[in-house]
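Colleague: For reference, the chains in residue letters:
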Amino acid sequence: MNVRDAFFYALCALLLGLAVLTVAAGNLFRAALALLGVLLCTAVLFLLLQAEMAALAQVMVYIGGIMIFVLYAVLLTSELGGRMPAPSPVKMLLGVAVAAVALGFLAGLAQKTGAGAAAARARMHAESATKESAASSADAEAGVNIASLKTLGQKLLDPKGFLIPFELISVLLLAAMVGAIAVARQGGAGVRGGSEPGAAAISVKDQGGAGAAESRGAPP
Amino acid sequence: MKAYAVNHPIGDMIRGMLPAPWAAAANGALAVGLIAGLVTVMAIFLIWLERKVCAHFQARLGPTRVGPFGLLQPIADAIKLLMKENLRPRGVDNLAYFLAPLLPITGSFLVLAVMPFDHDLQVVDLPAGVVYVVAVSGLGILGILIGGWGSNNKYSLLGSMRSGAQLFSYELSLVLCMLLIVMASGSASLREIVLAQQGTVLDWWIFKLPVAGLLAFALFMISSTAELNRGPLDLSEAESELTGGFHTEYAGISFSMFFLAEFVNMFASAGLGATFFLGGFLAPRFGVPPLDWALALLPGVVWFFVKVFALIFLYMWFRWTFPRLRIDHLLSLEWKFLLPVSLANLLLAATLITFKWMLP
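Sequence lines, in order, name chains A and P.
The letter at position 32 of the first sequence is residue 61 when you use the numbering used here, and the numbering goes up by one with no holes.
The letter at position 182 of the second sequence is residue 1168 when you use the numbering used here, and the numbering goes up by one with no holes.
Just so you know, these hints were derived from the structure itself, not from any lab.
In this text the structure is predicted, and so the values were computed from the model without any measurement.
Glycine residues also receive a C-beta, built at the ideal position from the N, C-alpha and C atoms.
Heads up, some of the hints might be wrong.
What follows is a list of derived Cβ distance ranges for each label pair [claimed, not checked]: (1) 112/A <-> 1073/P: 20 to 28 Å; (2) 188/A <-> 1345/P: 29 to 37 Å; (3) 1274/P <-> 77/A: 29 to 37 Å.
Covered, in the sense of this in silico footprint (three residues per stretch, anywhere, with C-beta under 8 Å from a C-beta of chain A), are these stretches of chain P [said to hold, decoys possible]: (4) 1076 to 1088; (5) 1210 to 1219; (6) 1247 to 1254.
With the sequences and hints as input, model every part of the structure.
Modeller: Structure below.
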């Protein structure tokens, strides 16, 4: 076992420990911090695979973006030192079952890709040993740089690559944002936009519910 | 063949004195040591500069007693801060309270690792340098959020919530400005971005893209002022309303870590501005041969620092000239004005680049 392997196993142990802490921590904030550690360790795993861009995207999107929103939500909702109640046994059993199925599925996938990757490595070794055709060297180079910023960018905007899923995801995100705004505005919409039939419906629904505080401000 | 990413005569000399396996370790240690030294010295110097600039803006003299021109004043302040007890108020979350001050300084430290100070003076040149900068600068926001929550104080919590909203919003237009520069340079490596601006002063991105460059520079300065938590956009620590915002409860070395990070961040941000818009370490050239020859005599690192300090002076000028905004004004400035303008500017720049409507 060389240094690299030892580092890998130490990292994985840390990652798994933090992952357990994420679900086991009683305090919501501690759980979020543990999740932060898990995401950071995953980024280091990507770095070990020389997927620099994936690691950077992991840090940028998950740590710089999603975790900040998670922490923000914790700030708004959670008491300092407050403890969450333990989940019911049924929920725990369900969670264990889902985790077991996911683990089995991923193990199957890993076995299959592991065999494929070994074959590819053997093929690449054979090709680099002969070192003659320009095509094979270009292939090898593409294999090395598969996760670089440039290749990823070109793949994302290539009509034969991932252009359509990429654009579809942006539509999905837009829909999610509009939905979020609609949910957030339910209280205020009834007060302002009473002329619209949709808004009126919302305001009517609101009168009985949480909108009571809002409707006090404007006379009907 | 280049054994190391960065070659510099001094570094080569030190590496040459050591046997091969140790040279690589020495390389890393040298890089980390240099950046750590720069962080400390720069923070201390910037604190002095801030006090002096502020004083002269207010028709005062600023520190004059300790050392010549008061230059040793920040060192005395630093010693005072370090000697103070690192208080732990009752009821704080231990982990969060002591973890938070480390994160912002880590973020600014990591940004400096990709900063091109000179042709061969850069710790590492990442091909995705701009993405890296955006990624690690998120640590600063995390530190403020964690610290504000962990302090168990209403002012801190309010300050950190404001700051979360503010930093997250202004990051959008900041990233759009960076994207514009990446588009113009055709590379996301900071070194390549600088090298794409070779030529005269008119080849710097601020001038080369006719209107878009100047507009992008203005947007960059405004949104980075907000990202730096500096006045007039320093809502997260507005002392007149929040007594100090997210660092209300901090004292001693924990507080000085936040304080240090703020000044180092300003340096890093000005460095990015100089790299993106003002040709980084390139000496300015005006197309007049004797003048160009004379200006090129100074090494690139000097030019880098000249440009950086010009931008830092601009930040200080903002801070001591404009009154602080209100939080709702601040957020509508970003979402209703800066963001649409950045998007339109990106489109304009894309048109200019596609049709090559640039200055010759």
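Colleague: Does each hint fit the structure? Answer for all of them.
Modeller: The hints, checked one at a time:
Taken as a hint, the range 20 to 28 Å holds for the pair residue 112/A and residue 1073/P, whose Cβ atoms sit roughly 26 Å apart. Range check, residue 188/A to residue 1345/P: Cβ separation about 34 Å, and the 29 to 37 Å hint holds. Checked against the hint of 29 to 37 Å, the pair residue 1274/P and residue 77/A fails, with Cβ atoms roughly 52 Å apart. Counting residues of the region 1076 to 1088 of chain P whose CB lies closer than 8 Å to any CB of chain A gives 6, so the stated coverage by that chain holds, three being the minimum.
Counting residues of the region 1210 to 1219 of chain P whose C-beta sits closer than 8 Å to any C-beta of chain A gives 0, which falls short of three, so the coverage hint is violated. Coverage of the region 1247 to 1254 of chain P by chain A is violated [criterion: at least 3 residues with CB-CB distance below 8 Å; count 0].
Consistency with the previously given hints fails for numbers 3, 5 and 6, ordered from lowest to highest.
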